[in-house]
Each structure stands twice: as structure tokens, then as C-alpha cells.
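K.L.:
Now for the letters of each chain:
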Amino acid sequence: MSTQNNKTEIAVKPNFLQRISVFSKDYMSVVGIILLSIVFTVLSKYFFTWDNWKNILLQSSTTAIVALGQAVILLTANFDLSLGRMVCLTSCVGAILMKTYNVTPILAVLIMLVLGILLGSFNGFLTAFVGLPAFIATLGTQYISYGIAKLITNATPIPKLPESIGWLGRGYVGPIPICVIIMICIYIIAQFVTTKTRVGRNLYAVGGSSEAAFFSGINVKKYYFGTFVLAGFLSALGGLILMSRLNSVAVSNGNNYEFDAVIGSIIGGISLTGGKGRVIGTMFGCIFLITLFNGFSQLGVDPFVQDVLKGIVLVIAITLDVLRNKKKA
Amino acid sequence: MEKDYILKLQGITKEFPGVVALNNVSFDIERGTIHGLVGENGAGKSTLIKVLAGIYQPNAGTFLLNNQEQHFASPIEARHAGVSVVHQEIKLAEPLSVAENMFLGNIMMKGKLVDWKGMRERAQAIVDDLAMDIDVNAQVSSLTVAKKQIVEIMHAINNNSKLLIMDEPSAVLTDRELEVMFRIVKQLRAKGITIIYISHRLDEVFELCDNVTVLRDGQHIKTLPAKEVDKHGLITMMVGREMGQEYPKEVGNIGDTILEVKNLVRSGVLKDISFNVHSGEVFGISGLVGAGRTELARAILGIDRIDSGEVFIRGKQVHYHTFADAIRDGLGLIPEDRKLEGLVQIMSVKKNITMVNLSQVIRGGVIRSDLEEKYSEEFSEKLCVSTPSMETEVQYLSGGNQQKVVIAKWLFQNAEILFLDEPTRGIDVGAKAEIYRLINQMVKAGKTVIMISSEMPELLGMCDRIMVMHEGNKMGELNAAEATQEKIMAMCV
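Residue numbers (our numbering), protein chains in the order written: chain D, 1 to 329; chain H, 1 to 493.
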């Protein structure tokens, strides 16, 4: 305590809501996963089996990989509406290249990833350099991607993809799916980069106050651009793993991923207002989300009701975010 | 003779988690006077205003307005009771006209329809009464800040306010605009309206106020007629201890020319500006708001494009394309808007200090938190930043401490030529003196300070030379010895 500060200090306990919201910032998603597991284990015999957990992790991996892009964009106080449809378009393009044009899988995969980067660059260009609101720019990309995907596939699913890409979504190292390992590796790298390197620190600065970052000599536009490019790349990677796991591609692939990514990020402690939260929380947030709906399915909850529940989870998550950011008066 | 009090505060206490913002504050305000309210940042002035305006409800105590006890549950109730506030940040509906703004929340009706004609006439009458040159049909967003403030005052008059609270109206005004403001405030007093006037500029308080109340650390220190106290006495009451000299100027270690600007032009903003600055010098830039002072700094620092002209640093011509280029050359800027542009409010003291010179704490591409802790502690100690820890988010520090963190950031970067844009705006007297001492330290170490300020006494007190600007032109340059407020004013217009 500084001695200069002779203001009368009185001990005040933060109220219950504040304490919950502060606690939730760092640990809510992990605690949530544990609590959910206990509840669902009691209610459903099948829930606590390795097969089911594997299933949860498999589903989480694609969502979480795409969500990382959203998390990084949210850190700079932007938003990407096109992630899910970029997943869709890149996987449709990959599938058509392999099936219709007999392009070698390795080349098709490379083209997919480059396409993701290009789509992300388009978003980044419009947002960072033209100055469009990210909402509008990415909404445009969302429609463009979905439209092209439907055009080139005629909106019909493409089943049975080359076996040589099967290992990505269906391969295992020991008992652990390869895509889960990829997810964990990516998140460990992302957590390290965001907390321990210049790029990460500047990212938080840009999100915390783009003006203050600018007046510290940080190239703010470059960071905005970079986050969208990364998100485009991760969407393509997510699309690749998803089509490998499902061994088919449909235009519904990746549907609503961008919103799942937001819910996952916010549950994981990332703030909608930018500059706050740890990216690794997003992985746990996504696993939480998938666990929740896996459990509901086990209990036989109507899928339509599940949509309602998802909306409720979104509202609760954002309410907690707003409470966290409310300054002490 | 029994005095007539419009407002009597009785034991007002307001607590926030961890802090008592107002502690048993009691004093009275005479009807039809201008009552000054002074105190350092954090003394409780803003909280007190918010209690009177119905934004906060006190935890204890009460106040009598016209001898009637009041408990405002909302700002609307306060306004109906005749209490209006002109806030520091203007709160007007920018796209609407002056007349519409004057009737906000109180629209004149003719039957079921809005009475536009009546509103315009009444608005015009108020404008005429104040002898102002404002078009009641003009869109508010097209007005200057000064005129917007006057629209707020007219809104209050139109609402039949009996008590007008003005929260630092002068902070954004030029000297000329200030005169108009003073005239209007005095005119209102003549009409019997009571005014609570809050200001950091004590000279204004003496010029304007009949009585003055000093708050310190949430407590009422004294209320007395302004005639019975001088500036020094007032400062002593505000700070709670004897203050040293207001401007503790010490001459720096002056060397060769370090910055030279030749015929700099940025079309429409800067017109053929030439000057040079020596290392170890405090070089002041004076002028009214809009004179192009900030724009000059931005152009030199590579933030805005230069249309023609040359800039030399240490004798070498430079062409900065971005601010980062200028930073690499040892230049720095402490921006005008400290809260928004100087600091990332939600980041810690530590991270803000290392933001520009992150390389210093990076080893092999990785930020070393131990080095970061060490350096940030070293620099915040050097600058006497009062903070619970290096991890505290800067948003929780006072204005003066925040400014010290911004300076620490540039000292850690080891900037040699530092532009300070309004470095003491909104900072209380105690912290101001500390910032002046830091400027002394910098120039003694051979660094160069270029200070842009609207406070003339500050420039006169701290600078070796002062350049005066007006509408993008350089009007002249004065040495510390020859400069006076009158000479600068004569050049400003």
C-alpha cells in the first residue's frame, strides 16, 4: 500500500455476482466441463465412456480449430461472420478438385489452405485497409463463400473422398485421435505466441486500445489484417479435418461455426470488447459447448429444443462478459 | 443579516467499494453567487456533482434545496427541481438543431403537434438575451466546442434552472472563448441563477467566484469568500501541505541543434513552418486550439504526410513514413488524449511501460517477464508512480499517475526528442509539479522536450523558447527572458 494514499480504505467484499464473474473469467469453462460431466454421468449410463469422450473430442477439434481464428479476431475487438462458410467453401473446393478433377490430394489440400488464406486476406483487406466494419465485410464473404459452394456442388453432398486424407480426421496415435492432437498442439502454440511474444503482446494492445497502440508505434492495420488471414487459414484447416473425419462434404459443413466459436471464446474468457482473455480458454469453451450438447443428445433432448438452449447459453455467456467488464463505479 | 442559501449540504457521505469518495461533507451555497469548487483529482468534486445531479444517491446525509430536503432518484428529478449540470464532455444530440437541443426533454407543443415556430422564437430570445452569435437553426455538430457548451447552458436556462453546475468548462476553451464564457456566467448570476463552478485553473476561480469550497480526499476542508484567500493559500488547502514553487524551472544541458524544420507545409493545415530546437532545450509551442500545434507534431513524427519542406534530425534529413520510423530515430510523443491515446487502460502498468521498447525485455523472441518486472519497477520508481503493483491496470490510477506511466513508457524507450501535447491537462497541482520536475530531469540529461500547451503560465514558466502559431502559420518566436503573456496573446491573433 502506498503511504501517499491517505484515502480512507474500507474493506468491502465484492458481491456474489462479481465474484462469480471474476472466477468465471479464468476457470468457468474447465469447471463447467467437470460439472457437466458429473451431471450427465449420473443421468446417462453411456456418457462416461471412452467412446463418448472420444466423440466429444473429435467434434470439438474442428470447432475449436476454427474458433481459434475467431478468438484472435475478438482479441482485437473485431468479429468474423464468414468462418463457417469458409469452412464449407474450402472443403467443397477440395472435394471437387480431388473427385472431379483427380487432383492429387496433397495439391488439393494445399489449394484449400491457400484459398482459406485468400478469403481471410479479402476480409482483412476490407476491414483493415478499406475501413469497412468487420461485420459487413465478413457478412459479404459469408454469402459469397456459401453461394460459390452451392454453385460448384449443386448443393449435393460429395461422399467417399480419397483414403489418403483419411488419417487426418480418422487416424489415431495410440488411443488418441490425430485431429485432437492437432487441436491441442495448435492451442499450445497459440497460447505461447499470444502471451510470450511481441506479436501476441501487440495484439492485446491493439485490442485494448487501437489508438494507444498506434501512438506506441504499432502498425495497427497490419495486425487487423493478420488476424483475418489467420482465421481464413484455420477455417480451411478446420474444413480439411472435418471432411476427412466425415469422409464426405456437404454445403451444410461448418454451418454456424462462427457463432459456436464466439460462444466458445466467451465461455473461455475472451471479451467481446477486445484485449482481454486467454486464447487457450477458447479450446475449453468449445469442449464445454460440445459436451453440453452431447449430453443433451444422450438424454434425448429434441434437437429443436437444443437450438433454443444454445441461444440461452450464448446470452448467459455474453451477460457474464458484460458483467466482467462493468467497471467498479 | 441572515443569508439566503439555495443549497445546504448536510453530512453527505458516498462510499464505493474500497473508497469513501465523500466523507460527511457539509457546506452551504448562497443564492445568486458563483461558488467555486476546487480540489485535487480524487478529492470528490465529481462525486459531489453527481450526487447533486441525481446520478448517485448518497449513503448518508442529505441536502436542502430551497430549504426543502431532496432525494433525487434520477437526473430527471434533479432537473425538474431546477438543478442542471454542464458536463465536461458535451452531452448534446449532435445531428439536431440548436433550438431542438435547447428543448430536449421539454418539447413545446401546440395541441397535439410540436410547436416549431414557438421553440425557435423562444430559443432566439435566449440567444439574443446572452448576446451570442449562434444560429438557432444550425446543426449542433457544426458548432465549436465553446458554442456547444453555451448551448448546454441555454438548455439549462430554458429549463428554468436555478442552480447550474459547471464541471471544468474551461478545460477545452481558448482564452478568447473563456472571456465569453465568463461574461455569460456573470450575466446568469445577475439574473439570480446560482452557479457552482469547478476548475483546476485557480486564476479563474479568483476572477469569477464569490465563494470557494475546498475538498480534499473526500472531506470538506473549508468554505470561504474568495477575497479572503490567495492562490498559494488555496493550493496549500487543496494539497494539505506547503507547495514549493509552481514552476520549478531549471535550465537543461543545452547542446547543438538536434531538430531542424525548414519550410514545412501540409496543405490547409501547416503553412511554411521553420524552426530549430537544441538538445537539452524545453521548446514551447503556443497558440489557440486549432492553430496547428498538434498537426505540426504529427507531421514531423511521420503520422501525417508532409506536402513540402524538410526535417533534419541531428543534421541528417529524414523522411518518416510511419510513426514507427520516427520512434526508431529517438523521437516520441505523449499524446493529448492520455486516456485513449496514451495508454491501454485495460493493460497493466508493466505492460504499458514496456509497450514501445518491448525489444529490451525480449530474449530469443520470448518476452522475459522477470526483465519486464525489473525495468517497469525501476522506471515507475524513478518517476514516483503511485500504484499498488506493476500488475495493476492503469485505468485504476489517477490522472497524474497515468501521465507518469506514459512518460515512463518513453523514458524506457530512451526517446531523445519528446513531444508533450498538453502534458498537464486535467492533472491536479501536486502531480503537475512532479511532471515539471521530470521535464527538468530530462533536459538535464540532455534530452529535448517540445511542449505544446494551452496554458500560457506553464509555457512561460517551463520553456527556454516559445514559438507561437496561428491558423497553421508561425507567428514568431520568443526567448524565455522576453516572453510575457501579453506578447504571446498579441501574436496569437
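Wrong hints could be hidden among the right ones.
Across the chosen pairs, the derived CB separations fall in these ranges [what the hints assert, rightly or not]: (1) D:V315 <-> H:F16: 27 to 35 Å; (2) H:G268 <-> D:L132: 41 to 49 Å; (3) D:V305 <-> H:Q70: 50 to 58 Å.
Just so you know, these hints were derived from the structure itself, not from any lab.
This one's a predicted model, so the numbers in the text were calculated from it and none came from an experiment.
The beta-carbon is built from N, C-alpha and C at its ideal position, and this holds for glycine as well.
K.L.:
Determine for every hint whether it applies to the structure shown.
P.N.:
Each hint, compared with the structure:
For the pair V315 of chain D and F16 of chain H, the beta carbons lie near 29 Å from each other, so the given range of 27 to 35 Å is met. At about 27 Å, the CB distance of G268 of chain H to L132 of chain D disagrees with the hint of 41 to 49 Å. Remark: the range hint 50 to 58 Å for V305 of chain D to Q70 of chain H is upheld by a beta-carbon distance near 52 Å.
Checked against the numbered hints above, the structure violates only hint 2.
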